[in-house]
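Protein chains in written order, with the numbering used here: chain A, 2 to 526; chain B, 145 to 442; chain C, 3 to 321.
It should be emphasised that the hints constitute simulated quantities derived from the structure, not laboratory data.
Be aware that a few hints might be false.
Unchecked claim - Short, incomplete list of chain B residues facing chain A, as computed with Cβ under 7 Å:
1. SER331
2. GLU333
3. ARG334
4. GLY339
5. ALA340
Claimed, not checked - Residues of chain B clear of chain C, computed beta-carbon distances all greater than 12 Å:
6. PRO193
7. LEU201
8. SER225
9. ASP383
Where is the CB? At the ideal position from N, CA and C, for every residue including glycine.
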Amino acid sequence: MAELRWRDVSVEYRAGRPGTARARRGEPEASGVLAVDGVSLRVPAGATVGLAGESGCGKTTLALSALRLLPRSARVRGEILLDGENVRDLSFGRLRAVRWTSASVVFQGAASSLNPVRSVGWQIAEALRLHPGADWIGRRGRRARVEKLLGSVGLSPARAGAFPHELSGGQRQRVLIAMALACDPQIVIADEPTSALDADVAARIQDTLGALVRERGLSLLLISHDLPMLARACERLVVMQAGRIVEEGPSADVLEHARHPYTRRLAAASLAVGDRSVRRPRSRPPTGTGGRLEASGVTVDLAGRGVRTRAVAEASLAIERGEIVALVGPSGAGKTTLARAMLGLQGVTSGKVLFDGRPLPRGAALRAFRRRVQFVPQSPDAALSPRQTVWDAVAEGLRIHRVPGDERTLVEDALRAAELEPTERLLGALPSELSGGQRQRVVIAGALALNPELLVADEPVSSLDATVRAEIVALLAHLRDARGLGALVITHDRGLAWALADRIAVMRGGRIVGVGGVEDVLLGG
Amino acid sequence: MGGEGRPGGRTRPGLRTASSAGRRAGVPPNAAIGLGLLACVTAIALAAPALVPAETLDPTRVTAPVNQPPSWAHWLGTDPSGRDVAGLLAWGARVSLLVGVASSVLAVVLGTSVGLAAGHARGWLEAALLRVIDFFVVVPGLVLALALSAVLQPGVWTIVAAIGLTSWSTLARVVRAQTMSIEARPSVERVRALGASGWHVLGRHVLPALGPLVLAHANLAVGMAIIMESTLAFLGLSDPLAPSWGAMLREASETGAATAGFWWFVLPPGLAIVAVVLAFTLVGRGFERSLTVGLGGR
Amino acid sequence: MSVRRAASRVVGTLVSLGMVAVLGFFLFRVLPGDPVLTLTRGRPVTPGEVARLRHEFGLDRPLVTQFVDYAASLLRGDLGRSYFYDQPVARLIAERVGPTLLLTGAALVLSVSLGVWLGQWAGWRRGSAFDRAATAAAVVGWSVPAFWLGLLLLMAFGGPLPTGGMVTPGSDASGAALAWDVARHLVLPALTLAAVQFAQYTLTMRASVLGELGEGYLTTARAKGLPEDGVRARHVLPNALLPTVTLVFLMLGQVIGGAIAVESVFSWPGLGYLAYQALSAPDLPLLQGTFLVFSATAVVSNALADVVYRLIDPRLRGT
Numbered sequence: 002m003a004e005l006r007w008r009d010v011s012v013e014y015r016a017g018r019p020g021t022a023r024a025r026r027g028e029p030e031a032s033g034v035l036a037v038d039g040v041s042l043r044v045p046a047g048a049t050v051g052l053a054g055e056s057g058c059g060k061t062t063l064a065l066s067a068l069r070l071l072p073r074s075a076r077v078r079g080e081i082l083l084d085g086e087n088v089r090d091l092s093f094g095r096l097r098a099v100r101w102t103s104a105s106v107v108f109q110g111a112a113s114s115l116n117p118v119r120s121v122g123w124q125i126a127e128a129l130r131l132h133p134g135a136d137w138i139g140r141r142g143r144r145a146r147v148e149k150l151l152g153s154v155g156l157s158p159a160r161a162g163a164f165p166h167e168l169s170g171g172q173r174q175r176v177l178i179a180m181a182l183a184c185d186p187q188i189v190i191a192d193e194p195t196s197a198l199d200a201d202v203a204a205r206i207q208d209t210l211g212a213l214v215r216e217r218g219l220s221l222l223l224i225s226h227d228l229p230m231l232a233r234a235c236e237r238l239v240v241m242q243a244g245r246i247v248e249e250g251p252s253a254d255v256l257e258h259a260r261h262p263y264t265r266r267l268a269a270a271s272l273a274v275g276d277r278s279v280r281r282p283r284s285r286p287p288t289g290t291g292g293r294l295e296a297s298g299v300t301v302d303l304a305g306r307g308v309r310t311r312a313v314a315e316a317s318l319a320i321e322r323g324e325i326v327a328l329v330g331p332s333g334a335g336k337t338t339l340a341r342a343m344l345g346l347q348g349v350t351s352g353k354v355l356f357d358g359r360p361l362p363r364g365a366a367l368r369a370f371r372r373r374v375q376f377v378p379q380s381p382d383a384a385l386s387p388r389q390t391v392w393d394a395v396a397e398g399l400r401i402h403r404v405p406g407d408e409r410t411l412v413e414d415a416l417r418a419a420e421l422e423p424t425e426r427l428l429g430a431l432p433s434e435l436s437g438g439q440r441q442r443v444v445i446a447g448a449l450a451l452n453p454e455l456l457v458a459d460e461p462v463s464s465l466d467a468t469v470r471a472e473i474v475a476l477l478a479h480l481r482d483a484r485g486l487g488a489l490v491i492t493h494d495r496g497l498a499w500a501l502a503d504r505i506a507v508m509r510g511g512r513i514v515g516v517g518g519v520e521d522v523l524l525g526g
Numbered sequence: 145m146g147g148e149g150r151p152g153g154r155t156r157p158g159l160r161t162a163s164s165a166g167r168r169a170g171v172p173p174n175a176a177i178g179l180g181l182l183a184c185v186t187a188i189a190l191a192a193p194a195l196v197p198a199e200t201l202d203p204t205r206v207t208a209p210v211n212q213p214p215s216w217a218h219w220l221g222t223d224p225s226g227r228d229v230a231g232l233l234a235w236g237a238r239v240s241l242l243v244g245v246a247s248s249v250l251a252v253v254l255g256t257s258v259g260l261a262a263g264h265a266r267g268w269l270e271a272a273l274l275r276v277i278d279f280f281v282v283v284p285g286l287v288l289a290l291a292l293s294a295v296l297q298p299g300v301w302t303i304v305a306a307i308g309l310t311s312w313s314t315l316a317r318v319v320r321a322q323t324m325s326i327e328a329r330p331s332v333e334r335v336r337a338l339g340a341s342g343w344h345v346l347g348r349h350v351l352p353a354l355g356p357l358v359l360a361h362a363n364l365a366v367g368m369a370i371i372m373e374s375t376l377a378f379l380g381l382s383d384p385l386a387p388s389w390g391a392m393l394r395e396a397s398e399t400g401a402a403t404a405g406f407w408w409f410v411l412p413p414g415l416a417i418v419a420v421v422l423a424f425t426l427v428g429r430g431f432e433r434s435l436t437v438g439l440g441g442r
Numbered sequence: 003m004s005v006r007r008a009a010s011r012v013v014g015t016l017v018s019l020g021m022v023a024v025l026g027f028f029l030f031r032v033l034p035g036d037p038v039l040t041l042t043r044g045r046p047v048t049p050g051e052v053a054r055l056r057h058e059f060g061l062d063r064p065l066v067t068q069f070v071d072y073a074a075s076l077l078r079g080d081l082g083r084s085y086f087y088d089q090p091v092a093r094l095i096a097e098r099v100g101p102t103l104l105l106t107g108a109a110l111v112l113s114v115s116l117g118v119w120l121g122q123w124a125g126w127r128r129g130s131a132f133d134r135a136a137t138a139a140a141v142v143g144w145s146v147p148a149f150w151l152g153l154l155l156l157m158a159f160g161g162p163l164p165t166g167g168m169v170t171p172g173s174d175a176s177g178a179a180l181a182w183d184v185a186r187h188l189v190l191p192a193l194t195l196a197a198v199q200f201a202q203y204t205l206t207m208r209a210s211v212l213g214e215l216g217e218g219y220l221t222t223a224r225a226k227g228l229p230e231d232g233v234r235a236r237h238v239l240p241n242a243l244l245p246t247v248t249l250v251f252l253m254l255g256q257v258i259g260g261a262i263a264v265e266s267v268f269s270w271p272g273l274g275y276l277a278y279q280a281l282s283a284p285d286l287p288l289l290q291g292t293f294l295v296f297s298a299t300a301v302v303s304n305a306l307a308d309v310v311y312r313l314i315d316p317r318l319r320g321t
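Bound conformation, chain A alone (with noise of 0.2 Å):
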């Protein structure tokens, strides 16, 4: 059996290279990032090790360095021993020999690791073509073992013709596994292989892997910013941040006894349903007074391409001032669509929304409307132009609206109701001058600016990292109890609904299929 084992491993990324128009231009050519910084570690023969993480901790550099896949501007240090040989020193032909058949990767993001325009069946055998064995000699031996591996991993042996776009996320993973799995290697390292996909799809596909982990006796590397998650996966725990191991130990030591504060932190950011501690359910009942939305019966037909699919059925659903509700169901479900009808955003086929028992005003009505109910779209990085500054940028609804009072005044006192200071520093910076937590509070405060009454939140913390995302729950939790602010919180995350809201709607296939108190619709079903 073999082992991985990285020796005081360091990688650093070069800035750019010489002859760059930075060096042009005469400035220093920036000092190159060190994204791994003297890592050892041992993943034994038959073991499962899990390696923790946020993203931009390293953990995809490690794993790329073991089978030397890094980029060219990357310089690696340290010895990288798979089997006892160096990868480093190996020939490239020896290092094409051992690729896939000592170690094999399950890539993240699967619908960017297959080949668009080749069918499932056609990668997985080229990984076969590429490496001859005794079980899959010729064509049809090749095509045989294929099918046997696609059905290893609860596939049709029927979608091997089949091209990735016509697979789902969680077929599309599925064959990655098996395409893993292939040449019979000894070690298989899973880089965040189920992160992208919704929650009981990635727990069936943990399920998958890790039954042929155990059946083979294979040595896995599973990498994740999950920390529960791994945990139940692996026998050992390995915990990283900024390229450095600050932890790791049996699974269940690091989970119960953190010793590192940064371990605790990731631990205490992953939402569990159940786990009453991390529940922040509102501290007095809501006021009633005003600030009520509400989607009657709202139908929504989108048309596309010349077909009309019916995004939102006959979807009833409402929220007041003073409480989060949270709408949570798979992607695909038509949660965006009946958020954005509700905000007037998207035309209604049939149906009502009613803001205090009025239908949706049009013209000058429905700029008073847009003060008092404010929006946060998906993805911070997109929600703000990359050309203004957080002054403008949180600005920009005070001046639609000619808000009267100082500018600066009524800008930093959004920007502090959001938590972010200092106030003066970020004023002027751009968006890509900071972190995905704080461009989400900058959105954030561009919607407190006008003191709304109810704020429609689209996925506000997935694209954030554990640690912020705990930080994003508890402000909306404050902002809720401190100044009455009403939410409807869109999510995937049912950790995040278990956490945050007071009320629950569960939307499936475009209709609403369940509301009603978080703990009677999470915990009762």
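Model the placement of chains B and C on the given structure of chain A, informed by the hints.
Quick look at chains B and C alone, frame taken from chain A:
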């Protein structure tokens, strides 16, 4: 992706649809070379009447012998009617630049407004505009410009109109796609939810984001317009009173200068066209690059 | 392709063809004010002759009647009668289709193979000396007027190679000798046309390859143990070729129209040269006929591009 009609039927090189407008990076060196070249040519064009009085180019009044190779008196020799080639070249710059810039302004204004309207409108208006854009993208521009200048009164402004009216469609298509993608961006969605009117969105968010793209496109369009102008002139469609580079080459071809080896009035006009077109192309690609660099890889 | 989609595509193409016909009518009958004046520009004509011509072209009737007549003859394949040749325009055009297809076809094969090859390697070896040279060549090639390049080639090779026409005048060669003669005549015009066209294929191909370089599936392919050449040939190329192949079909109509200048330089007896002669005469019915043929070719090749794209990209199959 559409074919903008021009000789040989070529499209603009590598004008990618940028996903967003970025801040301007420094001027790339190639673009700087292009800008310098353009400044020189513009200066020559403006100074032409002073440097080379118009009457010295009047075929009825020239005294120099015809088809003379370059000499001290005539740096680039003389043409088949005895006119000074260097002088013709300077005057030709006026027509090329005027037609190139004026027709591109026409095309850019037309393309941007139709593209914006088609990107913003919904329903039948969108469908109608889209059909018109698609039609003009498909119909070969050179063929259409040829027909237009053949049936209208000959003259510089006819050529400007013919080129301008046949080369706006590609830009319109790009602008429409960009407008739609910008308006679908969460940042614009956010602003609309803040209560912004359509005009606010258009003026504050869509137009500024389109700016660099349109500018890059305009520079490439000038280069194409200059080639089209010279092609039309070569085919005999030009203002007979204004010397132009294309018309010089037509004369060279009709009098058999090329086959006779009179290189001095075959090479210079062509090199002048290539240099000016190249200059505009370099500036345009420079804009395009700084636009993509400014995006920070987003 | 779904039936619905195919039907809407066919209807769209027919509408575009109709628009070509209307534009042709508008350009040559309405816009000039009086086509006869354009026709006789610079020629001494008596008022009687003008009146006779007006009657002959049906210009003394209302525009609507004229358009109905025009549309009816178009549907019959009647493009009118050439003033200059005194022959049916349709027959003149039919005679010239072959030479034009030969020239543009040869140029297309040359420019596409050169462009795809250059662009592929330029993108794959981004930033290398090869990339810089290929990109520079493409940008310069793009900036050169086709007719001028033709004149230069005439000047340089006009001796050893024939300078005009498709066959040597007075030659009665046939079979292999004729083919050889045509090939010799074809060299210069085809090279000219190819030289100004390869640029866009190079730049498109390069941009497509660059667009694929960051894709995750290349890492997957490398991880499987595929050598670099295999990554390029088996993964990058099939993806990067899609836009280029579509471009080829999109450009078919444009290329044929674009051959006007080159055919004029080399007196190549094709449609472009015919258009040039119509322009010089001036011969409006003939010019109108060539305009209609060029535009209709472009419309049809554009529709073809759409079909081809849907056939070769598995993501679009069945949509």
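Hints versus structure:
With a least beta-carbon distance of about 5 Å to chain A, the hint placing SER331 (chain B) at the interface is held under the 7 Å criterion. The beta carbon of GLU333 (chain B) is positioned within 7 Å of a beta carbon in chain A (closest approach about 5 Å), and the interface hint is therefore held. Look at ARG334 (chain B): its Cβ gets to within about 5 Å of chain A, closer than 7 Å, so that hint holds up. A distance limit of 7 Å between C-beta atoms decides the matter here; for GLY339 (chain B) the minimum to chain A is near 3 Å, and the interface restraint holds.
Hint status for ALA340 (chain B): holds, given a least beta-carbon distance of 5 Å to chain A, under 7 Å. PRO193 (chain B), annotated as away from the interface, keeps every beta carbon of chain C farther than 12 Å; the closest lies near 26 Å. The non-interface label for LEU201 (chain B) is consistent with chain C: the shortest C-beta to C-beta separation is roughly 21 Å, beyond 12 Å. Non-interface call for SER225 (chain B) relative to chain C: holds, since the shortest CB-CB distance, roughly 18 Å, exceeds 12 Å.
The beta carbon of ASP383 (chain B) sits about 15 Å from the closest Cβ of chain C, which is more than 12 Å, so the claim that it is off the interface holds.
Checked against the numbered hints above, the structure breaks none of them.
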